[in-house]
Structure formats: C-alpha cells, structure tokens
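Residue numbers (my numbering), protein chains in the order written: chain A, 1359 to 1678; chain B, 16 to 278.
What the hints contain is simulated information worked out from the structure, not anything from laboratory work. Just so you know, even glycine gets a beta-carbon here, dropped at the ideal spot from N, CA and C. Fair warning: there could be bad hints in the mix.
[Claimed, not checked] Quick list of simulated restraints, FRET-style, between CB atoms: (1) A:R1595 to B:R191: 32 to 40 Å; (2) B:G245 to A:M1563: 30 to 38 Å; (3) A:R1522 to B:G245: 25 to 33 Å; (4) B:P167 to A:A1559: 52 to 60 Å; (5) A:A1399 to B:E32: 38 to 46 Å.
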Amino acid sequence: MTVSVRLAVLLLAPSLAAAAPPAVPPEPGEEWENTVEMQMAGFSMPAQTSKSCVPKKGMTDPPGTGKDDKCKVTRMKNDGKTMSWSMVCEGKEKMSGDGEITQTAGGYDGKMTMRTADGEMLMKMRGKKLGTPCDSAEIKRTMVAVQAEGEKNMAKACTNAAQRMSVMSFAGPQAMCKDPADRALLCERAATREGVRGLGAQPEMVTKDLGAVCGKDLAAMKLQACSAAGREEAAKRCKDDSKEALAFIGESCPAQTQVVAQRECAGMSYTDLPICYRSFCTTYAGNLLDKGKKPAAQPKAPEDSTQDAAKKAVKSLLPF
Amino acid sequence: MPVLVVTAVAALLAAAEPTDRFPSAAPSYLVAVDGNLVWAGAPDLPRAPASLAKILTALVALESPTIGDWLTVSRRAAAATGSRIGLRSGESLRVKDAVEAMLVASGNDACLAVAESLSGTGSAFAARMNRRAAEMGLTGTRFVDPCGHDAPGQHATARDLWKLARVALENPEFRRMVALSSVQLETRSGRVLGATTSNALLGRLPGADGVKTGFTPEAGKCIVVHAVRGGRDVMLVLLGAPDRWWTAAALVERAFAETAPRE
C-alpha cells in the first residue's frame, strides 16, 4: 500500500464509514500510530496521537474526494515516494488547501495547509506503522451501529413528538420528523382530548401549522374532540368516569361549556348543586363575573330554595 | 426557586393598586391574597354590616377575662329575632359556648346574651366594640347593634371588615369556631342545643375555613370568607352580593388560580 492511499484511509474513514452497508465483514488491516499537530493564527496546539487500523489492501479513492461532493482535488502528483495535492471546498464552509506526504522508513511524514475565511491552518502529520494485525472494518462497524442507533432514537423522538403534539417537529420543509406514521398519529391525536390539551399548551403561532401538516381544519379537529366529550358527559352525568370529560369541556370547549352550564348550573343554588358539577359551575360563575354578569344570571330558584315561601318572607326581614 | 417566585408575586401584588375586576360581584367587595389586596370595588363604601358585626362581638368576648363564665339569658335575648339557636329566658350557658353559637349559626339570641353578660346592655357592648374598632384603626366602621340588626348610624366598610377578620383570625379560639360546620352546646340545666353553620362554603369550597355570613334587608347578602390552600390564603369580603355563594366561590377560586406561583 502506498503512503497516499494510507493517508486517504486515515482522512476519509468517517465519511466512508457513514456510507458503509449495514453488514460490514471483517477486513485484514495493520495498526498505525498517527500524530497530528495543528497551528493556526500563530498558536500551536498540542500534538494529538492516535492509533488506527488501516486496510492492508489500501483504498482506491484519492484523498479529499470521498463522498463529499463539495470538495474537489484540483491537483495531484505522485512520484511513488511523495504525493502532493491541492483541493478546494465549496459551500457554506469554503476552503482551499495544499498537502504533501512523504514516505519514510516505516511510516510517513507530511503537512497540509488549509485556508478558510477564519484564516490559515497548518497541519503536520506523522505516521508510524506498528504492524499489529487488526480488523480495519471495526471502525466502519462502529459507525454503522452509531448511525443505526441515531436513526432509532430519531424515530422514537418523532413518535414522542406526535404524542406530545409537537407541531413544530412536523411542520415546514425543515421538519425533523417525516415518517407518515408519526404524522398520522399526530393528526389522529389532534381530535382527542389529550391532543387538544397538548395543543392548548403551545403558542398559537406554533399550532397554526397543524392544519397544513394534517390537511384538515384545526378547528374541526378540536370540535370533534369537544363534541365527543359533550356526548359522553351528557350520557354519564355525574358518574365518576364523566369527570374527565367535564373537566375537558370546561378547559377547552366553550360551546359545550354553555350547554352544560345551561343544563346544570343556571338557576341552581350553590348549596343544592351536585358535588360533581360544583367546580365546573363555580368556574362558569367566575367567567360570568368576568363578563360583568351576575354569576346566577338565569336563576330558576333562589339560593335558599329549600325554604318555604312563608319562612323566606319572614327571614328576609331578619338578620342571619 | 418556588419560594423566590412566591415572594416576587407577593411583592408585585403588594405594590399594585387593587382593580375593580368584578363590578357585578357586589356593590362593595374586596379580595386579598396572602394579606395583599388584589381586587376591590368600592372597598371604603360605608354599608350596613349585618351579622358580620358578630366578628367583632365575638372577638371582644373572646378577649374578655370572663369568657369562661356562665351567663344567664335575658328575656330580651331569648326573644331576639332572625337566626336563633333557641335559648330560653333564664337559662344559663357558658359565654364561650354562646360565642360559638353566635359565630357558627349566627344566633342572635346567643349574641345578645353575650353582649348583655359582658356589658349589661347591647348598646353598652356596642360602645365597647367601637373602642376596639378604633384600636384596630377601623375608621369607616361604627356599630350600634352588637348583632348586626339594621340600625341608624351603623355602618362598616369592606376594607375595615377585612382588617377586622384578619385580626380576629389570629385568635385561635375564633379561628377554631368559625371553621365549625355545626355546634352543639349544653345549658347549665343540661338542655342540649344544636345548630349548623350558616356558611355554605364550609365543606363545599376546598380550603374554606371560615369566617362569617350576614344578611339584613338593608345590608343584603354579605360574607367574609377565608380559604387556605398550599400555604397561601385568600380573604374575600362581599357586601350586598346578589348571589354571595356563587360569587364567593368563584372569586376565591379565581384568586387562587390567578395568583398561583409559576416556576
């Protein structure tokens, strides 16, 4: 294997690993010790030494090309012992560079100059062949595993995002989550109580995109949840398992709140009201006060309705 | 951190002037959270206090050294009108028991019996009440009838009643009595009398632990409410509320909700 090819392996290992197929068979390699020193803007950073496993058969790609189409080798010269090259990178992080590697007894020696918008950086490289047999595919395997784990975590995060009604994760061209199953879950939940509550906890400027994500009207989805809660509450009235529906109506459904309030609160005395509607009706009374209305705006009976008329007439004249 | 937030909220509340957020609640009302006024409408308007006067009657009695004594019910006290616990002329009971009956069931017979036992007459006791009111700086308040019957020249303000209730609640016996949902007392002759609280919020509104209700034709429906939740307290005074229970419950809920510390 030539020095240039070994260097290419060292420099390109991460990008190659990222593109490797899921099953990576073992590949005979030999261990190298590599030392890199960097200098930038007059400062030298401490030398970094690491070991790597380089394939015995070498690599076919020239250095600097790899899978990164933003960087191109513009010049390359190889006389068998020394290789020199120039490269240019386009895109956000523009860069140009020149490098040279010379084979030495049992290793290599070289340098590379990189010019970026932030200044010039000099990288000195030394390599020593240790020769210990190793599996050069190990790093690729690790990278494949890391990538697979990352994808798994992303899938989990997107399912959680759908559960939490995180519209931001699904909206716009830069959406983090693109799995149709997660989007379907998000849209399905938008018409449930949990979903409406989750949306209600977020700013409107975030949730307004839900309609576009789901291809449905946001208000219609909420109405669906509210109507279902209204039907459930009306059917169960004051049974234990209707509490949640009633609480949801009070929090999120103005139209259904009106219906329940007219049916259960209006004209009722505080003392005669069933316990299960007390909190709901108290909140409703507060809303009426907010609007400048009296809390029992539609009294069907006065608060002391349990008293008979005669007793009431007498009592109204007296302090208690 | 939560302590810091609570402190900050309290400081903000203290600094802010109370707003008349709920003008339909009552002609005169106020809501205070942790000792700071948050909402109020005409809090200094003089109004008939009705049985809220019994807050001061009870406080003066509880501060008296003769609170443990027996009193004898006069014919006048036994004939008191309005809410009563059914005392009979000539029978004896402990002053403290009568105070309890006056606070829990708003018994006017018990109230007048206490006033007469401590000062000889209702009007003499009212003078004593006014001296105590002056000590507390209740400048908008004057009592004529110790039990709160409408009377010319008798008036109180929501602000004064709030101050009064705060002082009264510092008295452990007063605090215990106003939290009772019913009262049972025994006369010296062994007759047992019972009555339930006039405060419909007790046992219904979470955290409500007193104070007093009142009604007369002139005063309308009145109430002073105290409620505690999670170490925070709300005090509400409504004078002449068209619907005091709903209004009181709603305002107490609102006060806790809107001033809840956020992390």
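Looking back at the numbered hints, which does the structure fail to meet, lowest number first?
5
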